[in-house]
Amino acid sequence: MRERLEIYKEKVVDQYASSPEISPPVTPLLRKDNYTKVIEERKRQAEEERIKKEEAEKKKKEEQEKKKKEDEQKKKEEEEKKKIEGKDEKKEVKVALKTRLTSAVWRSVDMVLKPIEDSMDSVVGQTIDPFTDRRYIAWLSLVTLAFNYNTWFTTARLCFPYHTESAIPYWFALDLLADLIYFTDSIIFQPRKQFVKGGDIIKDRVLTKKNYRDSERFKADMMSLIPFDLLYLQFGFKSIFRANRLMRADTFFEFSDRLESIMAKAYIWRVIRTIGYLLFMLHLNACFYYVASDYQGIGKTKWVYSGLGSAYLSCFFYAEKSLLMIGELPIPDSMFGQIFQMTNYLFGAFFMSIILGQMRDVIGAATAGQTYFRSSMDSTVAYMVTNRIPSLVQNRVRTWYTYTWDAQGMLDESELLDKMPLVMKTAIAVDINLATFQKIDLFKGCDQQMLVDMLLRLKSIIYLPGDFVVKKGDIGKEMYIIKSGAVQVVGGPDNSIVFVTLKAGCVFGEISLLQSSKDGGNRRTANVKAYGFANLFVLEKKDLFDILVHYPESQKVLARKGRKLMKAKGPAAAKAEEDKKKGLALFGPRPGTPKLLRAVGGTINKGIIDRLKSAAAGQ
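Note that the working numbering numbers the sequence shown so that position 69 is 57, with each residue one more than the last.
Worth flagging that the hints you see were computed from the coordinates, not collected in a lab.
Note that beta-carbon positions come from the ideal geometry of N, C-alpha and C, so glycine has one too.
One or more hints might be untrue.
[As the list claims (entries may be wrong)] Pairs of lysine to any residue, SDA-like flavour, derived with a Cα cap of 25 Å:
#1 Lys471 x Phe361
#2 Lys447 x Val537
#3 Lys460 x Ile499
#4 Lys471 x Asn523
#5 Lys432 x Leu536
#6 Lys529 x Tyr539
#7 Lys447 x Val411
#8 Lys31 x Glu42
#9 Lys191 x Val112
#10 Lys471 x Ala395
#11 Lys207 x Leu168
#12 Lys102 x Ile176
#13 Lys465 x Val478
#14 Lys207 x Met99
#15 Lys465 x Leu536
#16 Lys517 x Ala474
#17 Lys413 x Leu399
#18 Lys207 x Leu164
#19 Lys413 x Val537
#20 Lys549 x Gly497
#21 Lys413 x Gln436
#22 Lys427 x Leu439
#23 Lys432 x Ala415
#24 Lys413 x Asp441
#25 Lys427 x Val537
#26 Lys517 x Phe487
#27 Lys413 x Ala395
#28 Lys530 x Val545
#29 Lys253 x Ser129
#30 Lys413 x Val184
#31 Lys290 x Leu317
#32 Lys517 x Gly473
#33 Lys86 x Val100
#34 Lys460 x Asp482
#35 Lys226 x Pro157
[Claimed, not checked] Taking CB as the label site, the calculated pair distances span:
#36 Ser96 x Ser244: 33 to 39 Å
#37 Met211 x Ile327: 33 to 39 Å
#38 Asp400 x Ile327: 57 to 63 Å
#39 Val381 x Val440: 37 to 43 Å
#40 Arg386 x Ile342: 38 to 44 Å
Can you make the complete structure from the sequences, with help from the hints?
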């Protein structure tokens, strides 16, 4: 019974437990319209799946083709890269081989030239500073002379009949001398030139030599040394074979730059160089004229060279008249002569405009300072005339302008120094005034850098004879250092008494620079006037205090020394009061009026006043 009961319970819980298999779900009944919709929906879904499948296959094919193309492209790039690498390797091999051969050649050359280079070390040094070494500039002048010889005489010998049998040995000797100078410059001087790389000055001989051999100038120098003169053996002694010697033009321009940098008046060399350009163009024109005359026949017409006198001087005279257009010339008879003459006139006008413009620039640059001085002086004089300044003052102003310009070549030195870097300004100031500053008692024991900073604040002022630099009683705001000339400390009636004369290197006014007390410590205690023309350096109190902010220890030292100096001299106001008391010492103080006398006197005075009033009323 219990077993049956359990079976029935299971059947009640699971209604399908009594069946051996699960019955399939009942298929719902559909109407015709609904069935049609279901069929269409299935077709639509099948179509969408087909389209998606086709698109997926198409996309897959495209990706495969794209991948195939990328693979082919990569393959081509790899092949090209391999080819390029192969070429680069070949090129590198060639370059490496070329470098090795070049290095081997230069090593052999250096071994041959080493005894000569070692012997020249004691003369010119291991390396040469091309900017400051005067020996190098002197050598450049010699190379420039050789270059000018080749430039002028090669063209002259090419055009004029100067290669006679008697003259050829002399020409040959001069040519050898010029070539020897070129060769010496290339193996001794140029490889020793220092150069700047990354801001560093390279002084290593190996590096300077390599730098020269890698430069374009080295190639030009080597081209200028090619011995085409050996062709004399085949074609005769002709100067055309020396045309490559003109490739040393860089030496001339370098010499010109270096010479300008060391000359005090560089405009002199610029004028000489411009005149040289003019003469060389006339020289070339004279050569062309002789060639043209020889082409048409010397002496056949009035226009060509007549054949009389010196050929070069006659042709140069023609070139001077033709290019400079300063004289009449015969009219050419032939078309060739007319074309030559027209070309000469056109070239002459163009060339003269260039030369005149360059000469104007050179002279203008040389006289720029004088022009500025004149314009400044004229403007000042015009201002004084407009405002009717007395003639005495005008004459003193003119004198100041003239003396200032003659003494220092400029009106304001600070304008020139302001353009320089701080290091250079400091070097100039230290060289001129540091020794004087160190001798001043007030500044002894102060920081040296503070003194250098003070030097940079100095201002130069020129005083005329009789000008008062300071006057007694003025508030002291400056300290003075005498650069040149002299000043006098004067006093007495009309300042006719000279107490002392201070000359160049002396200092005055330094105590007033630090004192500003109520007792007159910053007041000038004497009159100081210029004796003759005096050039003074001035340091203002404001500049000194601006500097002392950064040097507290020096400030304490100056304050202590200033108090000591003031105590030694005594305060000006206290001294004046003391002098006043000493002058009144003979006269004692007036005694006071007694009280009784003061009371009686007051009563009497009151009675007299009342009587006067009553008398006036009765009248």
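Checking against the hints above, which ones are violated?
Every hint satisfied by this model.
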